[in-house]
Amino acid sequence: MLIAAVSDIRSPRFYEDFVRAVENLNKQPDLFLMAGNMVEKNEIGEYEKILNALFGKINCPIVACFGSIEYFEDREEIKRRFREIRFLDDQAMVFDIKDKKVGIIGSMGCIAKPTKWQKSKEPNIEMIYHSRLQILEARLRSINYVHLRILLLHYAPTYQTLEGENPMFYESLGWNTLETLLLKFKPELVIHGHSFRGKKFAWVDTVPVFNVSFPLNKEIVLIDTQQLKPGLTKFV
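Residue numbering for the sequence shown follows the working numbering, starting at 93 and increasing by one per position.
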């Protein structure tokens, strides 16, 4: 199975580069994942441009989670207006892809230390992040009898893929407490974004974690599940 993944286009900021990246794809993916912040804050309509860039080129399910600048109050409108994209907001869903069942858990994820701006916008943000840990655990537990489990996040669930960033900012880019969930449930694939200067890939024990941030990768990341070793048995 071939999976395409990207995040942090922040359209219109990197939109033209994104269009070129789509045109440069030389293989048709079986699944297209978006790990948040695909549009700039307060620019909901930019999702129309994102879909236009994919139209006629991507003929597979498109699944997304929300990012840090896709604000809580805008999310229902985004889901309503852009139904071609399946947004998972602390949700889990099973998809039938190439005669295989693929379970995807999608969430913005958590950071260890909310920013002052986040606290001013959402006073209960720390409680939200701690509650989300429990939600993610429940969602991971709920996905059974599938061939592939994917955890799709915006924030980094490990600090290993943040190496290259200033360590002072690790706690505002992700939360390594989520490593406990990776070690407990061993999803076959983890995708995140948000980090522009980190590492593109890391193993957490046998769990492969990809940072698909567009400013870091400069391209849409293609992941061939047959080549993920260890931790994923070939099933395609």
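One or more of the hints may lead you astray.
Each computed EDC-like pair below joins lysine to aspartate or glutamate, with the alpha-carbon atoms no more than 20 Å apart [as the list claims (entries may be wrong)]: (1) K119 / E311; (2) K133 / E115; (3) K133 / D188; (4) K205 / E311; (5) K291 / E255.
Source of the hints: derived by calculation from the structure; they are not laboratory data.
Taking the hints in turn, this is what the structure says about them:
{"no.": "1", "hint": "K119 / E311", "verdict": "holds (13 Å)"}
{"no.": "2", "hint": "K133 / E115", "verdict": "violated (25 Å)"}
{"no.": "3", "hint": "K133 / D188", "verdict": "violated (33 Å)"}
{"no.": "4", "hint": "K205 / E311", "verdict": "violated (29 Å)"}
{"no.": "5", "hint": "K291 / E255", "verdict": "holds (6 Å)"}
In summary, the structure is inconsistent with hints 2, 3 and 4 from the numbered list given earlier, while agreeing with the others.
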